[in-house]
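Asks: Sequence:
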Amino acid sequence: MRDPLDYPWAFDALTAGYVIETGFTAGQPTTADRTGRSYVVAVGSNASPDVMRDKFARYGAPVPFPMEGCTLTGVQVGHGAFVSAGGYIPAAPYASPGTIAHLWGAWLTERQVAALDTTEPNYDRMTLPAADWALTLDRGEAPARFGLYRSRHGMLRTGSGGPAPLAEQRTLLASITALGAPIPDDGQLAVSADLRSWLRSHRISDGLTTAVSVRA
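According to the numbering used here, the sequence shown is numbered sequentially starting from 1.
Hints listed in this document are in silico derivations from the structure and should not be mistaken for laboratory results.
It is possible that some hints are incorrect.
[Claimed, not checked] Computed spacing ranges between beta-carbons, pair by pair:
#1 T177 - T22: 32 to 42 Å
#2 G36 - A193: 41 to 51 Å
#3 S205 - A174: 39 to 49 Å
[What the hints assert, rightly or not] Once the Cα atoms are required to be at most 20 Å apart in a straight line, the calculated SDA-like pairs of lysine to any residue come out as:
#4 K55 - M1
#5 K55 - D124
#6 K55 - T109
#7 K55 - E21
#8 K55 - D6
#9 K55 - G23
#10 K55 - A131
#11 K55 - G87
#12 K55 - A144
#13 K55 - R37
#14 K55 - V19
#15 K55 - E110
A virtual CB, placed ideally from N, CA and C, is assigned to each residue, including glycine.
Hey, can you work out the whole structure from these sequences and the hints?
Replies: In structure tokens form, the structure reads like this:
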């Protein structure tokens, strides 16, 4: 059982490679291993090979699958304005014109994408043209399109009004406590109606529905 306070569990040194049943094998994904798969960008714990392996095991989707990094223009990562079933305030993307973010993603089969969708009830998966968002893989190539999960609940805003930047959960909770968030003493965020209400009152749009791509 992962500690919610350690979310997103993906801040370890990441490298390109393959998620396999027994762990992770470093190595550059080959063209053959990417063929017939979709590149899905991760903004939170889906960048963790362990998290992804556990999700697919739970929903009967097979491994292995390749993972590798990318740069993406016009999108940044903050926190959705909701508490996940796991008891943490999760990551979510938002429009940030001109910003260049380095993120990680997985090459997934249709079955794996369907399984991942099932694990993300608080998100909608968008399929976006890679060229419109200047997505480039770390090795210099780019897929035709990519998947990106956006929050159904908007973004958590800071005291200044902008989206709260992605942070480790302990840091985030300390910052929103200072803003008056009613964090329960027992740490059980998922069952706190007061916290859910506070988050709803401190949400803003992610801007992705009206975002302008870098080619527009």
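Asks: Next, verify each hint and record whether it holds.
Replies: Going through the hints against the structure:
no.	hint	result
1	T177 - T22: 32 to 42 Å	40 Å, holds
2	G36 - A193: 41 to 51 Å	45 Å, holds
3	S205 - A174: 39 to 49 Å	25 Å, violated
4	K55 - M1	13 Å, holds
5	K55 - D124	17 Å, holds
6	K55 - T109	14 Å, holds
7	K55 - E21	12 Å, holds
8	K55 - D6	18 Å, holds
9	K55 - G23	14 Å, holds
10	K55 - A131	30 Å, violated
11	K55 - G87	16 Å, holds
12	K55 - A144	26 Å, violated
13	K55 - R37	18 Å, holds
14	K55 - V19	12 Å, holds
15	K55 - E110	15 Å, holds
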